[in-house]
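Please take these sequences and the hints and turn them into a complete structure.
Okay, so the sequence shown: first residue is 25 according to the numbering used here, each after it adds one.
Hints should not be assumed to be uniformly reliable.
Cut-off 30 Å, straight-line C-alpha distance, at most; resulting in silico cross-link-like pairs (DSSO-like, lysine-lysine) [as the list claims (entries may be wrong)]:
(1) LYS131 with LYS105
(2) LYS348 with LYS297
(3) LYS235 with LYS224
Taking CB as the label site, the calculated pair distances span [what the hints assert, rightly or not]:
(4) ARG196 with ASP71: 40 to 48 Å
(5) ARG246 with SER303: 25 to 33 Å
(6) SER285 with ASN227: 23 to 31 Å
(7) ASP317 with ASN214: 23 to 31 Å
Simulated from the structure, these hints should not be mistaken for lab results.
Using N, Cα and C, we set each Cβ at its ideal position, and we do this for glycine too.
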Amino acid sequence: MSRKIFPIKTFLFISTFFLVFKICFPSSVKKEECDFVELFKAEKYKDIIELSGNTKVKNECEKLLLAKSFERLGFYSRSNKLFRELYNQNTKYRDYAAYFIAENFEKHEYYANASRWYRNILLDSITINDPSKTSPDRTMIVISAMERLGLLALKDRTLLPQILRTLKKVERSNPRASYYIGLVYYKIGNMESTADYFIKIINNEQSIYLKDVLERVAGNFRLIEILSDRGIDKTYLIYLCISNKMYDSALLISYLLPYNSYTANLRAYCFFKNGDYESAVVMYEEYYTNFKDIEALVQIAYSYFYIGKKQDADSYMQKYLEIKGGQGGISADAFFLKLQLEKNGGSLSKYIQDSEFFVKNYSGAR
Numbered sequence: 025m026s027r028k029i030f031p032i033k034t035f036l037f038i039s040t041f042f043l044v045f046k047i048c049f050p051s052s053v054k055k056e057e058c059d060f061v062e063l064f065k066a067e068k069y070k071d072i073i074e075l076s077g078n079t080k081v082k083n084e085c086e087k088l089l090l091a092k093s094f095e096r097l098g099f100y101s102r103s104n105k106l107f108r109e110l111y112n113q114n115t116k117y118r119d120y121a122a123y124f125i126a127e128n129f130e131k132h133e134y135y136a137n138a139s140r141w142y143r144n145i146l147l148d149s150i151t152i153n154d155p156s157k158t159s160p161d162r163t164m165i166v167i168s169a170m171e172r173l174g175l176l177a178l179k180d181r182t183l184l185p186q187i188l189r190t191l192k193k194v195e196r197s198n199p200r201a202s203y204y205i206g207l208v209y210y211k212i213g214n215m216e217s218t219a220d221y222f223i224k225i226i227n228n229e230q231s232i233y234l235k236d237v238l239e240r241v242a243g244n245f246r247l248i249e250i251l252s253d254r255g256i257d258k259t260y261l262i263y264l265c266i267s268n269k270m271y272d273s274a275l276l277i278s279y280l281l282p283y284n285s286y287t288a289n290l291r292a293y294c295f296f297k298n299g300d301y302e303s304a305v306v307m308y309e310e311y312y313t314n315f316k317d318i319e320a321l322v323q324i325a326y327s328y329f330y331i332g333k334k335q336d337a338d339s340y341m342q343k344y345l346e347i348k349g350g351q352g353g354i355s356a357d358a359f360f361l362k363l364q365l366e367k368n369g370g371s372l373s374k375y376i377q378d379s380e381f382f383v384k385n386y387s388g389a390r
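What follows is the structure in structure tokens.
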């Protein structure tokens with residue numbers, strides 16, 4: 025299972041490209057209020073600079089796009105000067121300006137300066153709440169700043185204490201910070217402290233960070249044991265993984281549990297849900313041999329059916345039906361597969377008859 029320093033597949037972890045366009049064109053800015061918008065979209069940065077020299081920059085949006093134009097052309101000192109002016113004007117562009125200043129410092133590997141400006145964004149989110157002085161995209165900017173600080177803490181360990189102090193201060197009013205604090209501890213190998221913060225995510229099943237936390241937990245048996253010692257049951261972790269369709273993670277955690285009917289069935293189920301039907305056959309056969317749960321025969325039949333081995337599927341289904349002694353006690357899943365096998369086997373009249381029985385007796389069961 026691959027590991028990334030920070031996850032990138034959700035809206036939380038914003039690419040520079042997306043952030044630039046979201047920040048430079050906030051919904052509150054109308055095109056007619058900012059003459060530079062279309063030029064910036066067309067990447068005509070020199071035209072923006074020339075136009076700004078002929079006509080006075082009339083608002084903060086134009087100043088921001090002028091600063092970005094200087095930056096795109098490599099004039100970083102001039103762009104930073106304009107960004108700082110915007111930051112000090114205390115308008116809704118303050119957050120944007122701070123982010124771009126930090127980004128430029130990070131790009132040129134001035135990590136201490138970048139950290140200071142990213143931390144300014146987080147501290148401003150606590151102290152400045154006037155709508156006229158806050159960006160409509162503040163939440164996105166704050167999340168991205170927390171992500172960047174986490175990465176900086178790994179690039180320069182001397183920054184770690186002050187970054188953690190700031191994140192912990194922000195956590196009091198922004199629960200999202202718990203995830204980033206835990207992630208920093210996770211990456212430096214401090215599993216005791218990681219558990220302190222990951223528990224907060226695990227106990228909130230609605231958290232947008234839950235799947236990433238579960239994936240990391242499942243791949244770290246030491247962390248699982250620490251969480252278990254603190255009251256997070258392993259079977260509950262498995263339940264969360266399965267609820268989030270994370271069958272690989274559920275499978276990993278299951279191997280920490282004693283071998284019994286529950287874990288044997290669970291492991292087979294995880295292979296089945298992942299589409300590894302060959303392995304599912306092996307695991308369900310082992311489960312059936314050891315615990316004699318005849319519903320395992322249905323899962324073996326399904327696995328063979330999905331592999332394309334219809335005769336094997338039918339053989340296991342017939343074995344199941346013989347044990348059950350007729351259709352009265354057949355599970356809905358078993359009866360549905362029975363219908364598919366009849367349909368594929370050409371037994372059209374039997375298929376129609378059983379379909380009517382299925383609709384009448386199993387409606388809503390699957």
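We went through each hint and held it up to the structure:
Between the alpha carbons of LYS131 and LYS105 the distance comes to roughly 17 Å, so the proposed pair stays at or under 30 Å and holds. Using a Cα cut-off of 30 Å, the hinted pair LYS348 and LYS297 holds, with the two alpha carbons roughly 25 Å apart. The hinted pair formed by LYS235 and LYS224 meets the criterion: a straight-line CA distance of about 13 Å does not exceed 30 Å. ARG196 and ASP71 have their C-beta atoms about 46 Å apart, which keeps the hinted 40 to 48 Å range intact.
Range check, ARG246 to SER303: about 27 Å between beta-carbon atoms, so the 25 to 33 Å window is met. One distance hint, 23 to 31 Å for the beta-carbon pair SER285 and ASN227, holds here, with the actual separation near 29 Å. At about 43 Å, the beta-carbon gap between ASP317 and ASN214 misses the expected band of 23 to 31 Å.
The structure fails to meet hint 7 from the earlier list, while all remaining hints are met.
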